[in-house]
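Asker: Below are the chains, spelled out letter by letter.
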Amino acid sequence: MTAAAHTRAEREANLRSAFDQREHERQAVAAHYEHSPEIFSLVLDSRLAYATGVYEHAGEDLETAQARKYARIAAKLDIRPGQRVLDVGCGWGSNLLYLAQHSEGVFQGITLSAQQREEALRRARAWGVADRVQIDVCHVEDLKLRPESFDAVLFSGSIVHMHNRPAVHEMVGELLKPGGRVLISDCYFPVQPRGDRDSAATEYIFVEALGYCRLIGLAEELQLMERAGLDILHVEDLTRHYAQTLAHWIDNVRKHRKTIDAMAPGFAAVLQQYMTVARMSFARRTALEYMILATKGAPTVDPGAWPIAQKGGRS
Amino acid sequence: MEGTSESDLILARVRALIAESVRQPASAIPLDARVDGSELGIDSLGLIKLMVRIEETFDITMPDLAAPGAAPFGSVREVAALVAREVAARQAGGAQ
Numbered sequence: 001m002t003a004a005a006h007t008r009a010e011r012e013a014n015l016r017s018a019f020d021q022r023e024h025e026r027q028a029v030a031a032h033y034e035h036s037p038e039i040f041s042l043v044l045d046s047r048l049a050y051a052t053g054v055y056e057h058a059g060e061d062l063e064t065a066q067a068r069k070y071a072r073i074a075a076k077l078d079i080r081p082g083q084r085v086l087d088v089g090c091g092w093g094s095n096l097l098y099l100a101q102h103s104e105g106v107f108q109g110i111t112l113s114a115q116q117r118e119e120a121l122r123r124a125r126a127w128g129v130a131d132r133v134q135i136d137v138c139h140v141e142d143l144k145l146r147p148e149s150f151d152a153v154l155f156s157g158s159i160v161h162m163h164n165r166p167a168v169h170e171m172v173g174e175l176l177k178p179g180g181r182v183l184i185s186d187c188y189f190p191v192q193p194r195g196d197r198d199s200a201a202t203e204y205i206f207v208e209a210l211g212y213c214r215l216i217g218l219a220e221e222l223q224l225m226e227r228a229g230l231d232i233l234h235v236e237d238l239t240r241h242y243a244q245t246l247a248h249w250i251d252n253v254r255k256h257r258k259t260i261d262a263m264a265p266g267f268a269a270v271l272q273q274y275m276t277v278a279r280m281s282f283a284r285r286t287a288l289e290y291m292i293l294a295t296k297g298a299p300t301v302d303p304g305a306w307p308i309a310q311k312g313g314r315s
Numbered sequence: 001m002e003g004t005s006e007s008d009l010i011l012a013r014v015r016a017l018i019a020e021s022v023r024q025p026a027s028a029i030p031l032d033a034r035v036d037g038s039e040l041g042i043d044s045l046g047l048i049k050l051m052v053r054i055e056e057t058f059d060i061t062m063p064d065l066a067a068p069g070a071a072p073f074g075s076v077r078e079v080a081a082l083v084a085r086e087v088a089a090r091q092a093g094g095a096q
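Top to bottom, those sequences are chains A and B.
So in UniProt numbering, the last one in the first sequence is 315, and the numbering has no gaps at all.
So in UniProt numbering, the last one in the second sequence is 96, and the numbering has no gaps at all.
Hint data in this document are derived by calculation from the structure and do not stem from the laboratory.
For glycine and all other residues, C-beta sits at the position ideal for the given N, C-alpha and C.
Take these hints with a grain of salt, some might be off.
Unchecked claim - Only part of the chain A face toward chain B is listed, based on derived beta-carbon distances under 7 Å:
1) S17
2) P190
3) Q192
4) A200
5) Y204
6) Q273
7) R279
8) M280
My request is simple: use the sequences and hints to build the entire structure.
Answerer: Structural data, given as structure tokens:
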């Protein structure tokens, strides 16, 4: 099944063979992330999450919001000793290494960027978890893994780069053991279009800055997951939180503009420009950020039991 | 007057940046044209790129485009006046 294309880049992707699209993603997506981790360390939190944080208050700093997000993902995935976890698009290892440090699981990550792999492995060694961490440079559709061999699969800010979503979800459905969990944190288009999806701004962020992005509707993603045999457990909106995260990143780009430009001429402007487009999109809700949790078979976590803060006084 | 010449320089520089962004000579940019209006033909991405160029050039922070009701882009003259205020604020801050 090919979902309707929303942008010019998607229509072009639909004209390519699956092989050619995979090669396109391998090169176009990796280019952004191949910039020095030193640059991203000036812009992101200390663990280098390139995804939204979770804010309880407007004035909170980036580090606090990202720490809350790591803990939230850890609680949702609930990794038990010896369980096997796959992080698809693991970046510089932000979530993967946090989970490795806060569980006794065994971790496999993939990224399209050799620079990201190297930095993630360097951190794994420095933090004493390298014996439980494997990271490969690999496209998700090239993974050759045994069916029912993983307890959890994570996509944080990565599935948006993957055009062939049905294949990705089918793979996850096969890969998970019964009771396994999959968590996706990413960006979606509202079903009723708001704003021009073929605008120069959309093209800039999806193609020029980030190589290849495919935003679909939340319901489309959920349906593909269900078709792959997964049950949706929990979905939460983090759109406002991403707008806030981007504001922190943009301020950090401003603060370090000269240093970034000395390392990669022109890249500070690219970062500030695409981040501003993204921030405006989330602020106006022309793009939406969701965190999705699904399970294969009977769930081992129970979202119904998760606390929701009560409004003043009533119990 | 010293203050006048400083703000004239800023106006000329802002006008030149806008002219670059629409690939026109500076003389083709009317000072009373709205920067975000149809007269100059700068789209939303063009405005963001222009804002970043202005921030780089003058080492200032422009108002947050994503803030509710934000409208930092009036006429060329008004944008230049805003830049001049931000430059003055930076210089005052730097002197402390």
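Asker: Next, verify each hint and record whether it holds.
Answerer: Results of checking the hints against the structure:
1. S17: violated, 31 Å
2. P190: Where the cut-off is 7 Å and the nearest Cβ of chain B is about 17 Å from P190 (chain A), the hint is violated.
3. Q192: violated, 20 Å
4. A200: Hint on A200 (chain A): holds, closest Cβ of chain B at ~4 Å, below 7 Å.
5. Y204: Holds. Min distance 5 Å.
6. Q273: It holds, given that the least Cβ distance between Q273 (chain A) and chain B is near 5 Å, below 7 Å.
7. R279: Because about 5 Å separates R279 (chain A) from the closest Cβ in chain B, which is inside the 7 Å limit, the hint holds.
8. M280: Holds - the Cβ of M280 (chain A) comes within 7 Å of chain B, reaching about 5 Å at its closest.
In the structure shown, a violation is registered for the earlier hints numbered 1, 2, 3, in ascending order.
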